[in-house]
Structure formats: C-alpha cells, structure tokens
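K.L.:
The task is simple: from the sequences and hints, build the whole structure.
2 protein chains.
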Amino acid sequence: MKATQFFVSTLKEAPADAEVVSHKLMMRAGMIKRLGAGIYNYMPMGLRVIRKVEGIIREEMNRAGAVELLMPVVQPAELWQETGRFDKMGPELLRVKDRHGRDFIIQPTSEEVVTDIARLELRSYKQLPKNFYHIQTKFRDERRPRFGVMRGREFTMKDAYSFDRDVESAGRSYENMFQAYCQIFDRLGLEYRAVAADTGAIGGDRSHEFQVIAETGEDAIVYCPDSDYAANIELAEALPLLASRAAAGQALAKTPTPGKSTCEDVAALLGLPLSQTVKSLVLATDELNEHGEVVKTQVWLLLVRGDHELNEVKAGKIEGLKGGFRFATVGEIDAHFGCKPGYLGPIGLKQPVKIVADRTVAQMADFVCGANEADFHFTGANWGRDLPEPDLVADIRNVVAGDPSPDGKGQLAIQRGIEVGHVFYLGTKYSAAMNATFLDETGKPKPFEMGCYGIGVTRILGAAIEQNHDERGIIWPDAIAPFTVAICPIGMDRSDEVKAAAQQLYEQLQALGVDVLLDDRGERPGAMFADWELIGVPHRVVLSDRGLKEGQVEYQGRRDAEATKLALADVVAHLQARLKA
Amino acid sequence: MKATQFFVSTLKEAPADAEVVSHKLMMRAGMIKRLGAGIYNYMPMGLRVIRKVEGIIREEMNRAGAVELLMPVVQPAELWQETGRFDKMGPELLRVKDRHGRDFIIQPTSEEVVTDIARLELRSYKQLPKNFYHIQTKFRDERRPRFGVMRGREFTMKDAYSFDRDVESAGRSYENMFQAYCQIFDRLGLEYRAVAADTGAIGGDRSHEFQVIAETGEDAIVYCPDSDYAANIELAEALPLLASRAAAGQALAKTPTPGKSTCEDVAALLGLPLSQTVKSLVLATDELNEHGEVVKTQVWLLLVRGDHELNEVKAGKIEGLKGGFRFATVGEIDAHFGCKPGYLGPIGLKQPVKIVADRTVAQMADFVCGANEADFHFTGANWGRDLPEPDLVADIRNVVAGDPSPDGKGQLAIQRGIEVGHVFYLGTKYSAAMNATFLDETGKPKPFEMGCYGIGVTRILGAAIEQNHDERGIIWPDAIAPFTVAICPIGMDRSDEVKAAAQQLYEQLQALGVDVLLDDRGERPGAMFADWELIGVPHRVVLSDRGLKEGQVEYQGRRDAEATKLALADVVAHLQARLKA
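Taken in order, these protein sequences are the chains called D and Z. According to UniProt numbering, the first sequence is numbered sequentially starting from 1. According to UniProt numbering, the second sequence is numbered sequentially starting from 1.
It should be emphasised that the hints constitute simulated quantities derived from the structure, not laboratory data. Misleading hints may appear alongside valid ones.
Pairs involving identical chains hold if they fit within one copy or between any two copies, as the list cannot separate such chains.
Only pairs whose alpha carbons sit at most 16 Å apart, straight line, appear in this in silico EDC-like list of lysine to aspartate or glutamate [said to hold, decoys possible]:
{"id": "1", "residue 1": "Lys-409", "residue 2": "Asp-226"}
{"id": "2", "residue 1": "Lys-97", "residue 2": "Glu-142"}
{"id": "3", "residue 1": "Lys-409", "residue 2": "Asp-166"}
{"id": "4", "residue 1": "Lys-446", "residue 2": "Glu-121"}
{"id": "5", "residue 1": "Lys-33", "residue 2": "Glu-121"}
{"id": "6", "residue 1": "Lys-12", "residue 2": "Glu-121"}
{"id": "7", "residue 1": "Lys-24", "residue 2": "Glu-497"}
{"id": "8", "residue 1": "Lys-97", "residue 2": "Glu-78"}
{"id": "9", "residue 1": "Lys-126", "residue 2": "Asp-520"}
{"id": "10", "residue 1": "Lys-33", "residue 2": "Glu-168"}
{"id": "11", "residue 1": "Lys-24", "residue 2": "Glu-533"}
{"id": "12", "residue 1": "Lys-126", "residue 2": "Glu-523"}
{"id": "13", "residue 1": "Lys-254", "residue 2": "Asp-366"}
{"id": "14", "residue 1": "Lys-52", "residue 2": "Asp-478"}
Since we're looking at a predicted model, the values are computed, not measured.
P.N.:
Structure follows, in structure tokens:
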C-alpha cells in the first residue's frame, strides 16, 4: 500500500475523554473515531488490524473443526423469551420494536439463536459433536461505556457454541477450544494467561478466561510461579493462613477508639498489626412472596481479617446467600447491632444475625473487632470464650500475593490482566430451556451438552496496545500490525535515486507477501517517523540520498533503541530474518 | 474441505413461504435458515458464497483506490436529524432508544456518518478525491419482506461514498466506480446490464443501476440491441410514436359503451385497435398552509394511449406535480367530471382541470375517450376541434418493446432484471445539509461534491440463482460457488483404492489452490449427486472401484448433459483447463 492511496490521519493530542493509554493511542493514531458514547467508527488503519485479528481467529477455529456461519444482529424476542433472558437481562440488552410492534433485540451474544439452529438441524447423535461460530457485530448497552474499544457498546466478537452428546464429549470439545485459543493468542503475539474462572450456577471446573497481561488491566489474575495454577481473583481459593487457632492470651477489653472507624486506623491507634483486626461486613437476604413482596429478611455478618477483602462471588456461593444478597441498610444495621457502621462486631448483638467467618478469621485468637458502640472496639476477643463459634466458616476473601497456592506448590503471585477470551461449559442450561434435543443411540431425545467460547475481537486491539506501547506510540506485534514494514524515503520528490530505490524495495517486499507501506506523502522525516512510531508499525526502513550514495539504508525495529545501517542489497534478507523471528 | 468436517444440510422440499426459485433453492440447499420475517441465519454453505462475493468486491474497490473502514450498525439519531432523514424516513428506518432514552437508528445506509467523518477528517482540497467504503450489516424494516435474501430486512451491503472538490472531479469518481462495478460483476460471472436510472431531485444524468438479467426480475430494463442505450423503465424516454398529427377524418360521436370501463373493452366493442383509444388518469395536488392544512387542491387529467401505461416517475417531474401528487378521490372526480371512473375524458368538463397529454396522445387524431357520462365514450375526437389543445405535452408513459430508441439507433427491447448495484451522484445534498466543507485553493470553505455506490452483497446470491439454476438446483458461477469442485467417491468405506485415489486427488487440487470438497460422508451415489447438484457446485469428479480398475474417473460440469470419462492421470489438468475457461 502506498500512503497516498490509503488514509493516514494522526493527532498530536488525544481527546480529553480518553482515559487509558490504548484509547488515547488509538485515537491519536487514527485507528478509531468516536461516533457516540461507546460507539466508534473503525477507521482504515484500525480496520486493517481488526481484519488481521479476525483472520488468525478464523484460521484457528477452522483448524479446530469449528464451522463458520453468520447469525443476525437483529433477533426476534421470542427465542430470548424461551430462555427467560428477554426479561431477566437488564438494560444492557438493547430492545427494539419493529414497525408491527413486535419485540426484537440487538444481539449481545447468540446462545438462543444457535440453540434454535441446533434443535432444527442436529437431529441425531451421529451429527455430533458440532461447533458453530460467527464473527459478528454485538451491542451491549453499558451503563458507563469507556476506555475506547475496551468497554464499548458496539463491538465485534467471535462467539462459538459446541454441541455434544454427553458430558465427556463436551469436555473434549472444551479442551479442543482451549487449545485453539492458546494457538490464537500465541499467533497474535500477545503475552497472556489462561486462568480458571467461576462457573456460577452451571458448576464444574470448566471455565477459563484468557487474559492479556497488562499493568493497566481491570482484572486481577492469580497464579503460582512454581506450578501451573492460575485463576482469576473471583475464583482463586484462599487457604487458611493459620494452621490452627492459638490459645487465648489476652482478656477481652473494650477500648476507646474515638473516630477510628477503619481497621487501618484502629490498628495504628492501638499499635497492633492490621492482621490482628477483624473487619465486619453486614449483608441481607430477602425472602419474597409470589407477588414479589418481601416477607422475611435475614441479616448476615461476614468477617474477614483487617488486611483482607471480601470476595462477593465466593460469598454468593454460601448456602443462604446463593439466591442473591445485598448490603444491609443503616436501619437494619442499627436494629441488629445497635450501632452505626465502623464499630460493628460479632460480640453483644441486639438481635441474632448469621455469622460467617473467613477461614483465617476462624483461626484467629486475641483479635480486635468493633464493640457495637460508637467509638469503641474490643481487643483480646477469642472464639468460644467471648462469643460462640461462628455459624459458618468459609473461604470468603480475595487471595493476596504471598498466600499459599491451593495446589500446595508455592506462593501465589498477582498480575493485572485484560480479559479477551472466555471458554465456558454451559451444560444443558440453554438446551433444556429451549427443548433442544437430539436422538441418542437408543432413539431417545436428549438435550445437547453445550459450551460457549468468546473472543472480543475489537477489545484485543486495546489489550494489545495496553501491553505494547511506549512514549512514542503503539508497538504492534508483527502478526496484527496494520502494516508490517514502513518504507520511509527522505526527499523522494527531489531524488530520483531515492524514489527508484524505494519503489524497488516496495515491489520486492510485496512480491514476497510482506504487508509493506511506502510513505510517498512527501512529509518531512521527523513527521514521517513520528507517524509510523505512533501508529506502531514494527519495522521501518529509511532511504536517503546520502545513505544510498554509500549503498546503505537504515533499518529500525520499533523496539530498537537506534537504527542499524544495512547495505541496500541486504535489507530484504535482513527483514525476512526479522519477520521470521 | 471434507464434508464431514463441514455442515451439509439439504431439504427435499422447500418451505411453503418460499415463493421464488432462489428462495426455495437457498432454503433447500441449506444456504440460509429463516429466523424471523426477512431475517435469516447465513448457514455455513451460504456464508462461503457471501465471503467470495465480498472478497471480489473488496479487491476491486481497493484496486479502484477506495479505502475500507467500518461504520457502526447502531448510529446516533443526531446526525440523521441534521439531514432531516430521521423524521422524513418512514417506518422502514428502525429506530431504537438506549437505556438513557436517547434516540438511535439501525443503519439502512451510512450517508450521514460518512459525511460526518469527512467534515472532521477531510479539511483540504489536497486530501481529495477520497472514497470510503464498508461492507456491513444493514437493516430496513420492509413492510412486506419476501423472496428470501432478495427483499430481506437484515442484509449485507457494500456502500461506498466519494468526496470531491468539484463537479468535474465528482464525475471522474463516478466513472471510476462505474468501471469498478463492471469489473466486479464481470468477475462474479453474472450476466448483467448497467442501465441509466432516475436521479430524482439531484438532477443530472449520473445514476446507474446494475441489473442482473433474470426472467423473474422485479424490474423492467430497457435497452437498444443496436446501440449501447440502456435505462430502467422509470427513466427510459418514450419518443412520440406519430411523427405528426393527422387531419381529423371523423366527426365527434357519443357512442354507447355500456359496462365497458376499460380501453381494452371499449376497443373490442367498437372493433377498433387499442391504439386508437386514450386512457384518462386523474391526479390531485394539495397546497398546504403552515399548519399542514390543505388550502387548495388542483386536479389533473393525464392522458396516455390505451395500450400504454402511466409512468409515475416521469409524471412526478412535471412542473406542478414535482412537489408530490396523489390519485384523486371519487368525490373529486365526480366534482370535476360529473361521472364515475371508467368513462372519463377531456371533453365537457364540469370544472376546469389541468390536462397533460403524453407525447403520442398529443399527435393522435380521431381518438376514442370517455364521454364523462356513465356507459358512453366519444369516438372521432380531435384536438383543437372538439377540445382545446392540452395544457401540457410531456413524456409520461412507460416505453414498450418496439418503441424507437431515444438515440435514434433502432428499436427498444425490454428485459427483466434484479437490481444488485447502484451508483449515484449525490451532489452537495448531504454535505450542504451537514455543513461538511473543505478549504479550496483560495482558502474558502466549499461543500463536498459526493457520490454513493451500493452493492447488495446478500442479494447477489438470490440474483445469481434466479439467473443460474435448473430443475436439479443451483448452478453457481465458478467464482462464487461455495466449493468449486466436488469429489464424490463411491463406496469409499469398502474400497481402499477409491479412498486413496479420492484423498490424493483432494490433496492435489488443494495444493493448486482449488476450493475442493471431498464428500466423505459415505452417502449413496444418488443422494451424493443430488446434494451437490442442488447446492450447485459447478464441477464434479466421481471415483468408483469399477472406473479406477480401468484407470478412469468421471467428470461432469454442472451444465453438462452427461459425464465425461477421463484418465485419472488427466483429471487435474482437465479441471485446471475448465476452471481457467
């Protein structure tokens, strides 16, 4: 491609609403252009990257035996009513009525439609397993779209759906997709980690997120450097930090802690380690009658160590909290604790509450907790002596770096990541709801065992940039760069020699199948270099009159500190070697 | 591709709602699957065709210097309000509100968005001309979606938009796209015709439709076999059929024509040629005040020869009718003609109406027309003698086969066609409405001269099938067939020799880049042949144990009456020759 035949449009400054580096750089490099909140035009430069990402995904999905089709953007509500998602999903599901007043949705995913296809098309176990995928525009009406393509409303996703005859076969389909995803992210040239994730109501252990490692990532991912353990923070198991409970060493004492409503402040005031304090969190669960009216409310007290954080996903797995919970109101807290938040604790309750202690809290002795009286805490609290044993002991906290790995093979470390892919075993959730069955060997109808497998195509652009950039701009991996090589001729309009050499090199590289850009815009060298560094083209060759007089050109990789002088005759071989590496 | 790794799903019978052959065959061949009215899943077999069509379009658009980007499906209403289309467009524009109650539309085209991009990005005449295109999902909420992909609601369209500095340059951009479209439809392997079309309010002569020739087409296209004249019926000019008006030969006579309310019936009753009769059509135009209330109504009488049809597009170009017209009500007709429809005519009006005569009618003498009295017609009517000359003489009829070509080079012929592409000069319609300007050489802002260029990607599938099918199924042109060659081994499970030969041929063709399908499903020969004939694979090679014993295979082109025996060793060369042809 010659630059004058393409569309290059860079900005010196990013717009004010761009908060993260990938958003800023994509705007500055002319990859995207905002049309509305969370809605972007993919400009020519950005679309080239998208198409390369899609190409790699498509090749590997096909290689894995998945079959591509294309399901509509606008989908009839009826199917979404069969699974209940039309009503259950919140306002992030964009609903629309057609001219006849019929309900439709703009697809955020396609479980219902693909399950409908399967129940019509896959009639016998002989047709299984089958995996259908498409790469299609999606819409999710995010409450607060931001970060450019990282949390947009309209985006491109690859979503695949597998159909199997039984759980064992579904496991093989899952593993097959897991391996395909590893191939895909390897080929994209991204540093990533596949981490175990929560399976929610489906259960089982078949859910993995593919996370691109980036300091700016929204997700915390947990791994063990000494083993292959890796999970997202929602799932990563926290073992008790204390092997057993020590004997009580102190007497219970009510201590004034005026104005100190956080564990940090209390520990500092008392000169105790934060790990000696216990944090109290009050939840509530409502029992509803058939009219959706609350008939009974249960209040819960969850206890984690002062230096730990509550993990709401783990809390949500506790019997009694599974059906959904909320944080208690100030009124409920006052009724049960006789005290305002900040000084709450498990000792001396006004009304009974269910007490759930984190595994580590349950092993603590002589701990500090709120005294249920404003400006007072207890010190020297001990289970069994000062208060009954907790109603329940459970893993309800986030792990922290240094925690023991659940596989017993070392200590956990934590990285930040950006979720770009997800493989998930669905079981019969959708097939049962939609009565999607096949006939097994005995001629009996059985619901499909399903899996779903998503990759956020447009999000990958943001993640790749968050991981690969410097102060000058983007640094694309070779495989997904908008152009692999930029040829920058200096003074092309003045020098026939430069012009001829640039054209010849351009044609040579094109003939070798290299995706090369010839910058024939006639820009000054500084502006030209700044553009291609901002845009992130990974390889650059500079031709100048002076250099060519000595038969030389300059090569610079986007991550190289400085340029390398090469004989003009060697540059193609040099590039080929670099591109292979 | 091996059939077992793909998804082949054919039907013996088409569903009852499929009216046209392309819809029936696409359903039966498993190319599409209905999801809702006018909304289809593109199944794996159909998607392969779509991707090939898109690939050819993309290559030729890029070759013509157009630059690909991707504009969103969900677009903010604000831009559509700038041009007034948000309000002006009827219910075919799908409107939707997001969670905040803001208005959006699901794009039917992207003039507004691309013009917004241009006004932000194209600041100087030096950046012009520029042509942006995308291939994207569209939605039009058709009142009566039908004919499968031919008139669907959700469909894929390639739409391109050119931006030029002046009319002359816009003309070159238009011509460039016209030539690119010819390349595209040539490469698609379709028989087509580019016909001049109406430019409506824009004016000028730069609008062409690309019509795929098919007997079942909805459009009538007019051409001259002896010249390059071609236009759609809306535009094709009708010259007067009579060089000059003959002298009156008969006296005016009121003749009873009881119950004969059509020209056909009257001509038959009177034993006169239909071409001696004149048909009366009554239109009305309303003048509105600022509140949208009708303050004045003008009634019009349009006269065409009995064997001709009124052309409403031509009528709409008449001064006075340009602003829009409607057919008159029975009440209005009675007030002006004192008669019910069926016996109307231009002689003896109760109240004055504007009379517009078609060019041919204006030259007629001794003609037959309604007497404005039920069950009576006049014969021997003559302009100037029995009634005043018409207020206006204009071309207001459709041409018919045999009419003189407007270029004077022969007689017109009429074919049926399916519109699959349209190139259109827009002028400054959108750029002026949206204040989209660039700075010219003198530094003054000027609105862009624009053009738009659409191709109905998914519609091309339907059009190709309407043109290319037989009683056994679809006959795809090589370039867009889902597979170019089908290898059908007979008894592959019983014969290692058949299996090995099929596999070897498959690999040989793959290595040559041929898009080959190996049918390894183990179906009986009849079922296998029927499937690939229905699906429309253009080339088939059959391997059998018996044939291989003699070193022979059978080749059959999809249009060949019978199979040709070939030496196994020659089949690759034979296929290569056929594919090149």
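K.L.:
Measure nothing new, just compare the shortest in-copy and cross-copy C-alpha distances for Lys-126 and Glu-523 to 16 Å and report within, between, both or neither.
P.N.:
between (63 Å within a copy, 14 Å between copies)
K.L.:
Is it within, between, both, or neither for Lys-409 and Asp-166, if the alpha carbons may be no more than 16 Å apart?
P.N.:
neither (34 Å within a copy, 73 Å between copies)
K.L.:
Could you place Lys-24 and Glu-533 in one of the four classes (within, between, both, neither) given a Cα distance threshold of 16 Å?
P.N.:
Classified as within; 14 Å inside a copy, 54 Å across copies.
K.L.:
Could you figure out if Lys-254 and Asp-366 sit no more than 16 Å apart (CA to CA) within one copy, between two copies, both or neither?
P.N.:
This pair counts as within: shortest intra-copy Cα distance 13 Å, inter-copy 120 Å.
K.L.:
How do Lys-97 and Glu-142 come out at 16 Å by Cα distance, when the copy is not named: within, between, both, or neither?
P.N.:
Close across copies (13 Å), not inside one copy (20 Å); limit 16 Å.
K.L.:
First find the shortest C-alpha distance between Lys-97 and Glu-78 inside one copy, then the shortest across copies, and answer within, between, both or neither for a cut-off of 16 Å.
P.N.:
within (12 Å within a copy, 20 Å between copies)
K.L.:
Under a CA distance limit of 16 Å, which applies to Lys-33 and Glu-168: within one copy, between copies, both, or neither?
P.N.:
neither (46 Å within a copy, 30 Å between copies)
K.L.:
Within a copy, between copies, both or neither: where do Lys-33 and Glu-121 come within 16 Å Cα-Cα?
P.N.:
Cα proximity of Lys-33 and Glu-121: across copies only (10 Å, versus 41 Å in one copy).
K.L.:
Can you give me the call for Lys-446 and Glu-121, within, between, both or neither, at a CA distance of at most 16 Å?
P.N.:
within (14 Å within a copy, 57 Å between copies)
K.L.:
Measure nothing new, just compare the shortest in-copy and cross-copy C-alpha distances for Lys-24 and Glu-497 to 16 Å and report within, between, both or neither.
P.N.:
neither (38 Å within a copy, 62 Å between copies)
K.L.:
Measure nothing new, just compare the shortest in-copy and cross-copy C-alpha distances for Lys-409 and Asp-226 to 16 Å and report within, between, both or neither.
P.N.:
within (6 Å within a copy, 87 Å between copies)
K.L.:
Pop the pair Lys-12 and Glu-121 into one bin, within, between, both or neither, using alpha-carbon distances up to 16 Å.
P.N.:
For Lys-12 and Glu-121, the Cα distance is within 16 Å only across copies (14 Å; inside one copy 54 Å).
Of the numbered hints listed earlier, those contradicted by the structure are 3, 7, 10.
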